[in-house]
Structures are given as structure tokens and as C-alpha cells.
Amino acid sequence: MDTNDSAMLLQVFSSVFEDFAFMFVDADDDPPEPDSECCPCLLAQISFSGRDHQGRLEAAAPEDLCEELAENILGTGREELPDDAAEQAITEVLNVACGYLLAEKFGTDEVFDLSIPETRTLSEPEWNELAAGGRHLFLRVDESPMLVRLFLDA
Amino acid sequence: MGYNVLIVDNSVIIRKMVAKTLGISDLDISGYYYAENGKQALEQLDENWIDIVFADINMPVMNGIEMIEEMNKKDLLTTIPVVVISTERSRDRIDHLKSMGIRAYLQKPFVPEEFARVVKELLQ
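Protein chains in written order, with this note's numbering: chain A, 1 to 154; chain B, 1 to 124.
The hints are simulated quantities; they were obtained by calculation from the structure and are not laboratory data.
These numbers come from a predicted model, not from an experiment.
Note that the Cβ used here is the ideal one computed from N, Cα and C, for glycine as well.
One or more hints might be untrue.
Covered by chain B, according to a simulated footprint, are these stretches of chain A (three or more residues, beta-carbon under 8 angstroms) [what the hints assert, rightly or not]:
#1 12 to 22
#2 75 to 86
#3 95 to 108
A partial selection of chain A residues facing chain B, derived with a Cβ cut-off under 7 angstroms [stated by the list, open to error]:
#4 A89
#5 E92
#6 V111
#7 L114
#8 I116
One-sided excerpt, in silico: chain A residues whose CB lies under 10 angstroms from chain B [stated by the list, open to error]:
#9 G50
#10 A70
#11 T91
#12 F112
#13 D113
#14 S115
#15 P117
Isolated chain A, as found in the complex (with noise of 0.2 angstroms):
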């Protein structure tokens, strides 16, 4: 990813976490070191196509973040949470960033269809092999670690 996008991608979370969660978003230069303690981990997947340009935003992090993320947006305990909370609140933020993303890189002239977002569970050597890959963009959540990419169709 180059470094406008990252800072995009910093600027897109960073917003979109404040508003929705009250949760707070920092860059972080180094990969999360590998911690059996933050798996099971979600990974949440959503496409995009335009007439211009297609691609798609992923984002991962700990099964425990995302749970936080869904008592804050709903403001209730985690023992009222939804069976699927963690889930249903990664793919709602990753929802709300991916369409926020591309009217700040691609304008608002431009319509997208977005796809239904996906999540899955990460391993622990998943997680760790994701981490260590360079691709994405690392990020704290209140001391929690995300990893985030933007891929975009050549």
C-alpha cells in the first residue's frame, strides 16, 4: 500500500471508530508481536466495484475488540450483547469505513456497489502470518492491535 493510502486508511478508521464507538485509533510502525492472547481473531472482508475502479478493504482483529466495539456502539453490558456482536460489529465499521474511504479517495461522482461484508475466524498462526506480512496497515484500538488493507483491481 503506498503512504497516501495508509494515511487515508488511518484517517478513515480513526474517524469511523471516534464517531460510531468512542474508541480511539492510533498508527503503529511496528507488526503486532505475535500473542496467543489476542486469537481468536475476525477477519471481515468487503468488496467494492465502480465504474472506474474495483477492489475490496479488509480488516482484522481480536474476537475481544470487536466485542468491546459492540457494547460501545449499543452502550450495554457484554453479557446483553447479540450471539454474533463481535462479528456483527467489525462488518458494520468495516460497512461504514469502506463507503467513507471511497468518496475521500474517489470523490462522490463515481457509484459504488458494495458487497454484503464477509467475517471469518482467524488462527493464531493466521493472525501471526497476516502480521508479519508487511501488507497491511497496523493500527492500535485503545491498546488493541487491527491490521487493515486496501487492495485495489489493477
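Dock chain B against the given chain A, drawing on the hints supplied.
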């Protein structure tokens, strides 16, 4: 007598968030109805008296635009205001939604005060 609202979004988080925002407003809401997509929403509209609809666009099975088209065919948009709550930022698409007859458009994540103001204007 209070208002019946229909909240249409495939995300349970957003459905709860909209309901909670309505709950803390001073609007008199007597019934909350929910749907995960446009098809379920049309079924709810057939079965219940609904005063206002809050709908997302990007949903599986039947998306929000298809739902609004179906509501238009049944002439429901003249009597039931639809508020779209979406991540959509394309000017053309928002203009298209307004030309289809939606009464308001709110971007996610919405500000509760703005949400309450828009809903009050539509209902009162």
C-alpha cells in the same frame, strides 16, 4: 396513540442502535418492527400498520433500492415515509433515492440529535 416503526437492516447492531436512539428521543413509539432485508420488510408492511420505515441500502436477498421500488409500485411511499440510513456517499445515488420518493437520507454513523430532529419533522 404512538407510532409504529419498521427498522430494516441486515445488521442486528444497527437495528438495535436505531431502536435505542428512538427510545431515548421524546417521540411516542408504540411498536417496533424489524426486518433483515427488503423482502421481510415488505411482508411486515403487508401485515402491520407502519408509520415510518428506516432502511439500509446494502442488504442481502432484497436490497433497499429494490424494496423502495416495490413500495412505489404499491403506492406506499405517499403514505409511509422512508428514511434511508446508509454508508452511501455517491451524490448520484443519493439523488436517485430522493427522486424515488424517500423522505430523508442519513449517513452512518448518524448523530442521534440529527436523527431525532429528522424523524420529528417527518412524523409531527
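- Message: Take the shortest C-beta to C-beta distance between A/L114 and chain B; is it under 7 angstroms?
- Response: holds, 5 angstroms
- Message: So, as I understand it, the hint says A/T91 touches chain B; can you test that by seeing if any CB pair is closer than 10 angstroms?
- Response: holds, 7 angstroms
- Given hint A/V111 near chain B, where the shortest CB pair must fall under 7 angstroms: holds, 5 angstroms
- Message: Given A/G50 as an interface hint, is its Cβ closer than 10 angstroms to any Cβ of chain B?
- Response: holds, 8 angstroms
- Message: Quick check: do three or more residues in the stretch 12 to 22 of chain A have a beta carbon closer than 8 angstroms to a beta carbon of chain B?
- Response: holds (count 3)
- Query: Regarding the hint that A/F112 lies at the interface with chain B, is the smallest CB-CB distance below 10 angstroms?
  - Reply: holds, 6 angstroms
- Would you settle whether the hint for A/P117 is holds or violated, based on the nearest Cβ-Cβ distance to chain B being less than 10 angstroms? holds, 9 angstroms
- Query: Does A/S115 pass the interface hint, meaning its C-beta sits closer than 10 angstroms to a C-beta of chain B?
  - Reply: Given a least distance of 8 angstroms, the restraint on A/S115 holds.
- How about A/A89: closest beta carbon in chain B under 7 angstroms, or not? With a minimum Cβ separation of about 6 angstroms from chain B (threshold 7 angstroms), the hint on A/A89 holds.
- Item | Hint check, A/I116 versus chain B [nearest Cβ-Cβ separation less than 7 angstroms] | Holds. Min distance 5 angstroms.
- Message: Verify this for me: three or more residues of the stretch 95 to 108 of chain A with a beta carbon less than 8 angstroms from a beta carbon of chain B.
- Response: holds (count 8)
- Would the stated hint for A/D113 survive a check requiring a Cβ distance to chain B of less than 10 angstroms? For A/D113, the interface hint holds, since the closest Cβ of chain B sits about 8 angstroms away, which is under 10 angstroms.
In summary, this structure violates none of the numbered hints.
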